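*Asks:* Sequence:
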Amino acid sequence: MLFAPNRSDQRLRELTGAQREAGWTEAMTKVAAPLARLSVPEGSWETSPLRIRFLNAGIRREDARVMYFAAKTVLPLVLALLVFTTMSALGFGYDLPLLLNVLLAALVGCYLPNGILSVMRRRRQREIFESFPDAADLLLVCVEAGLGLDSAMAKVADEIRRKSPALADELHLTNLELRAGATREQTLRNLALRTGVEEVVTFATMLTQADKFGTSIGDSLRVFSDDLRYKRQVMAEERAAKIPVKMLFPLVLFIFPSIIAVILGPAAIQIIRTLMPMLQ
Numbered sequence: 001m002l003f004a005p006n007r008s009d010q011r012l013r014e015l016t017g018a019q020r021e022a023g024w025t026e027a028m029t030k031v032a033a034p035l036a037r038l039s040v041p042e043g044s045w046e047t048s049p050l051r052i053r054f055l056n057a058g059i060r061r062e063d064a065r066v067m068y069f070a071a072k073t074v075l076p077l078v079l080a081l082l083v084f085t086t087m088s089a090l091g092f093g094y095d096l097p098l099l100l101n102v103l104l105a106a107l108v109g110c111y112l113p114n115g116i117l118s119v120m121r122r123r124r125q126r127e128i129f130e131s132f133p134d135a136a137d138l139l140l141v142c143v144e145a146g147l148g149l150d151s152a153m154a155k156v157a158d159e160i161r162r163k164s165p166a167l168a169d170e171l172h173l174t175n176l177e178l179r180a181g182a183t184r185e186q187t188l189r190n191l192a193l194r195t196g197v198e199e200v201v202t203f204a205t206m207l208t209q210a211d212k213f214g215t216s217i218g219d220s221l222r223v224f225s226d227d228l229r230y231k232r233q234v235m236a237e238e239r240a241a242k243i244p245v246k247m248l249f250p251l252v253l254f255i256f257p258s259i260i261a262v263i264l265g266p267a268a269i270q271i272i273r274t275l276m277p278m279l280q
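Under the UniProt record's numbering, the letters of the sequence shown match residues 1 to 280, in that order.
Hints are computed from structural coordinates only; laboratory data are not their basis. On a predicted model such as this, the values are computed, not experimentally measured, just so you know. By construction, the Cβ of each residue, glycine as well, lies at the ideal position given by its N, Cα and C atoms. There's no promise every hint is true.
DSBU-like mimics (lysine-lysine), calculated; alpha carbons at most 30 Å apart, straight line [unchecked claim]:
#: 1; residue 1: K212; residue 2: K231
#: 2; residue 1: K231; residue 2: K163
#: 3; residue 1: K242; residue 2: K163
#: 4; residue 1: K155; residue 2: K212
#: 5; residue 1: K242; residue 2: K231
#: 6; residue 1: K246; residue 2: K163
#: 7; residue 1: K242; residue 2: K155
#: 8; residue 1: K231; residue 2: K246
Label pairs and their computed distance ranges (CB to CB) [unchecked claim]:
#: 9; residue 1: P266; residue 2: R162; range: 23 to 33 Å
#: 10; residue 1: P257; residue 2: L193; range: 47 to 57 Å
#: 11; residue 1: E198; residue 2: I243; range: 19 to 29 Å
Required output: the full structure, derived from the provided sequences and hints.
*Replies:* Now the structure itself:
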C-alpha cells in the first residue's frame, strides 16, 4: 500500500465528527427548549415516572426530555395542519367531519411520542429478558471458577456484548457504580430500576439477600439460572401456541378466498356459459 491510513488522522476525523454532532445537538436543543416548556408537566424530573421509562428505553441523554416534550408540542400542530390542508385541497367543506379529522390528527400527534417510547422500551426489555439467562449462566461459571462477584459481572458484561449490547451496558454501569464507591445493594437496585425487567429485579433481590444472610452465591445463581431457563422455555411455548390463532385471520381474509376462487372459478365460468344461452 502506497498510502497507509494514519491513526492520528482517523482519530482527528472521529473527534471532528463527534464535535460536529455535539454542536448540531446543542443547536437543536436550543431551538426545542422554548417549545418544550409548553408541554413540560410540573414536578421534579428526578422522581418522575417518565424518567424511569426513558431509562428503561436506554435513553440517558439530558436533552432527550427537551426533544420529547418539544415533539409533543409540535406534532399535534403539524399533523392537524397537514390534515386540514389535505382535506381542503380535496374539496371538503368546513364542516363537522373536517373538524373531527383535524382533532383526531392532533390527538395522534400528541400521543405519538408516547407510542414510540413504549415500543423502544418493550424492545429493549425483551432483549434483556432473552439474554439474561445466558448472562446468569456465564456469571455462575465465573463465580464457580473463583472470581468475585464484581469481577464476574465485569467479565460477563464484556462477553455478553455481542449478543445483547443493552444488557452489557447495564452491567457495565453497575460496575462503574461499584468502582465509584456505591454499595452493592444500591447498585443492584439501580440496575433493576434502569432495566424494568422483573427477572432482573428478582436477581438483585437474590444477591442482596445472599449478601445479608451469608448464603452461597453460586448455589443461588444455579437455582436462579434454572428458573430463568424454564421461564424462557415456557414463554417460547406460549408464543408457539398463539401461532395458529394469529394465522386464522390471514387464512380467512386472504388465503381461503384465493383457494375458493381457484377451485370454483372454472366451474362458475362453465355454469355461466351454459345458462346464459338458456336464459336468453
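*Asks:* When the hints from earlier in the document are held up against this structure, which numbers fail?
*Replies:* 7, 9
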